[in-house]
Amino acid sequence: MFKLPETAPALLGVGVLLASLSLSAAEPLGIGRMATADEIAGWDIDVRPDGQGLPPGQGSVMNGELLYESRCASCHGSFGEGIDRWPVLAGGYDTLTLERPTKTVGSYWPYASTLWDYIYRAMPFSAPRSLSVDETYAVSAYVLYLNDIVDDDFVLTQGNLARIEMPNREGFFVDNRPDSPNTRCMQECARPDQLEMVGTIGGITPVGHFRADVDAPAASHDAQKSLEDQKEEARLRALGVEVDETVPAAVALSDEAKAGQAVYEAACVACHATGLAGAPKVGDHKAWGPRIDQGVSVLIRHAIEGFTGKEGVMPAKGGRMDLTDQQVSRAVAFMTEKSQ
Amino acid sequence: MSRIIRNTTTREMLAQLAREAEGLSQRERREFLRKGVTALSAAAASGVAVAASVNTDNLPPNEPSWSRQLGHGVVDSPYGMPSTYEQHVVRRTVPWLTAESISSISMTPLADLKGIITPNGLVFERYHAGVPLINPDEHRLILHGLVERPLIFTMDDLMRFPSASEIKFIECPANGGMEWKGAQMEALQFTHGMLSCCEWTGVPLRVLLQEAGVKPEGKWILAEGADGAHMSRSIPLEKALDDTLVVYAQNGERLRPEQGYPLRLINPGWEGNTSIKWLRRLEVGDQPWYHREETSKYTDLLANGKARKFSFVQEANSVITHPCPEKPIRQSGFIEIEGLAWSGRGHIKQVDISFDGGVSWVPAQLKGLVLPKALTRFSLVTRWEGQTWLLQARAMDETGYVQPTLKQLREVRGTNSIYHKNSIHTWKVAANGEVTNVQIT
Chain A
1 MFKLPETAPA
11 LLGVGVLLAS
21 LSLSAAEPLG
31 IGRMATADEI
41 AGWDIDVRPD
51 GQGLPPGQGS
61 VMNGELLYES
71 RCASCHGSFG
81 EGIDRWPVLA
91 GGYDTLTLER
101 PTKTVGSYWP
111 YASTLWDYIY
121 RAMPFSAPRS
131 LSVDETYAVS
141 AYVLYLNDIV
151 DDDFVLTQGN
161 LARIEMPNRE
171 GFFVDNRPDS
181 PNTRCMQECA
191 RPDQLEMVGT
201 IGGITPVGHF
211 RADVDAPAAS
221 HDAQKSLEDQ
231 KEEARLRALG
241 VEVDETVPAA
251 VALSDEAKAG
261 QAVYEAACVA
271 CHATGLAGAP
281 KVGDHKAWGP
291 RIDQGVSVLI
301 RHAIEGFTGK
311 EGVMPAKGGR
321 MDLTDQQVSR
331 AVAFMTEKSQ
Chain B
1 MSRIIRNTTT
11 REMLAQLARE
21 AEGLSQRERR
31 EFLRKGVTAL
41 SAAAASGVAV
51 AASVNTDNLP
61 PNEPSWSRQL
71 GHGVVDSPYG
81 MPSTYEQHVV
91 RRTVPWLTAE
101 SISSISMTPL
111 ADLKGIITPN
121 GLVFERYHAG
131 VPLINPDEHR
141 LILHGLVERP
151 LIFTMDDLMR
161 FPSASEIKFI
171 ECPANGGMEW
181 KGAQMEALQF
191 THGMLSCCEW
201 TGVPLRVLLQ
211 EAGVKPEGKW
221 ILAEGADGAH
231 MSRSIPLEKA
241 LDDTLVVYAQ
251 NGERLRPEQG
261 YPLRLINPGW
271 EGNTSIKWLR
281 RLEVGDQPWY
291 HREETSKYTD
301 LLANGKARKF
311 SFVQEANSVI
321 THPCPEKPIR
331 QSGFIEIEGL
341 AWSGRGHIKQ
351 VDISFDGGVS
361 WVPAQLKGLV
371 LPKALTRFSL
381 VTRWEGQTWL
391 LQARAMDETG
401 YVQPTLKQLR
411 EVRGTNSIYH
421 KNSIHTWKVA
431 ANGEVTNVQI
441 T
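Protein sequences, first through last, are from chains A and B. Residue 80 in UniProt numbering sits at position 80 of the first sequence; the count goes up by one each step and never skips. Residue 131 in UniProt numbering sits at position 131 of the second sequence; the count goes up by one each step and never skips.
If you're looking for bench data, these hints aren't it; they were derived computationally from the structure. Careful, some of the hints might be misleading.
Which stretches of chain B does chain A cover? Using the computed rule of at least three CB atoms under 8 Å from a CB of chain A, they are [what the hints assert, rightly or not]: (1) 125–139; (2) 176–190; (3) 217–223; (4) 267–275; (5) 293–301; (6) 312–318; (7) 405–412.
Glycine residues also receive a C-beta, built at the ideal position from the N, C-alpha and C atoms.
Given these sequences and hints, build the entire structure.
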């Protein structure tokens, strides 16, 4: 049996009380508290085209080049050409009307402030908010240089950024839709003999979940990677190549590695769980084997100091300069032990 | 990526349709159907045989195994999950669209959903720097800029405000964007799945603005997330005072991490990226900020090289969800053609259906809840006897705006806009009931 709450009769009076307390629409309710100037300053990172929000500072194209090579080029390419599907940053002039336009900072972006704002708030991808103000000026200057917008001796500053004129600054207009009028026609709305029909072809859509016996991509990045690995193994087998099928046994982690797990999850996972920027994925013993063979001390040194290899770039401490050397070395222990 | 066949014209298809209708006797037609339709449905149509995966021991007149034993008890699964037989109803992505999964998008399995509400675990995902895991006790919202009183709120503070609940769709403006140049995606999930609809609960943004007191020169608001992308968009004050919500719950429970836990913006009817997730900061200013996601991205490049900016509204759109590639027609006879329509400008007023690629149209019925800026379900019951159909739906909203044809859209915008492709969509239903994605211009 359910019991009625003993306070039920008392509730009858509440409506009257609420009515007497009802507030006029314009009055603040007094919820929350005043934000302090310090609290706001720490989070207020935005910059506008007129330069409002830019902190004092400066950075040269020359300094930017070094930073760009170590922090940006692994995804965006040394010349801003973009690796794999990562954004192209430079070039593309006079392509906006072509069938395949190349929209870059130089060919498309209307304001230089956007570049500074975005780098400061979100880049590098694997370590956002890790660049200092001056570093942000320098990297921004270098990307402008890659787009032939400034010369190689240029120094970008709080004072001159808003004065930079981007080539496509006049290229935008405010939404003017609706722009494509249709009517609610019910009969003879089109002439069948003038219609053209275009179909899809197979092979580029993940359809394996509802269609049998098709050669289709998988429906997630991880599944697609496994699918490609399987196909590669099948191809090698067909060629008579020996394929390593040993499944690594679950290993008990050392204390060092256990201590590194949290660091890995906070700082390394973005690249080393996904293979971003050519990073060896944790658990991929084929990718890690040759690296581990060099000796873990070499790996730790590369992780702390940074390393450029054939397959990708390891930025110093993965861009997380706030990590101690010990934290990095523990994370390396975690990743190598999980990948043996 | 657009590899396109251009060898079947609609004229040929309509001619084929006519031949089928005239040339086949009823008996032949039945025979044709029986051969064409898959084994499962042909068997079901005959009334006795069953699909291979079915254990006949569990069919009448037998008592099924689950009726002769006990099931698990309460709280066996403290947070319940769908039946294991529904494991195919999941979000999916097209891996080649993005370099990796952290800055990427997944799509809602629209073909398997009923009604207008998207279950929380199936709401499409779009991240620019992955999903942050935020401790709500450590989350803060700062509201500052051109205000009388810059304020900072805890989650507890925000939940003290009088709450509002609204059912609204949310859609990525790139929904359908892979199809500007030609039909590419072979499934409804990928042609239209960057679309979901939830009941959102939170505080109207105008209430928070009133609490802070917007100065007269305040015209725009910058909304910013607490994710690694610090995702940011400029929102006109007019929208903020109209129907923008600062929400902490969806479909009755607190937001999912994928959807902005513990706090996000909802700009009803507007492109999804303006509904900033993991919301940490709102700044009132006198002009827009022109950040990356409103210049480099989410601007619509037209054929003349000029680009539309601040194209916020998701214009009226619709799609047939049954039949569709994932749900081919399995049996002849009665069929309910169903679909979803939505408009960022308000209510859906009318949806029409065409069976002949847009030559002639018949009205469909709206069913269930018909709410402004929400998914709206439409339906038309008819019969299918193995005809070839070129199925289309066309939505009209309360402003009188009628969803355009692909041809009309391309004439005005070219094919490089990426965003806001809301043209009439075509499914080709073949004589065997299979459904494929085609474009008619």
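- Query: Which of the listed hints are not met by the structure?
  - Reply: Structure breaks hints 3, 4.
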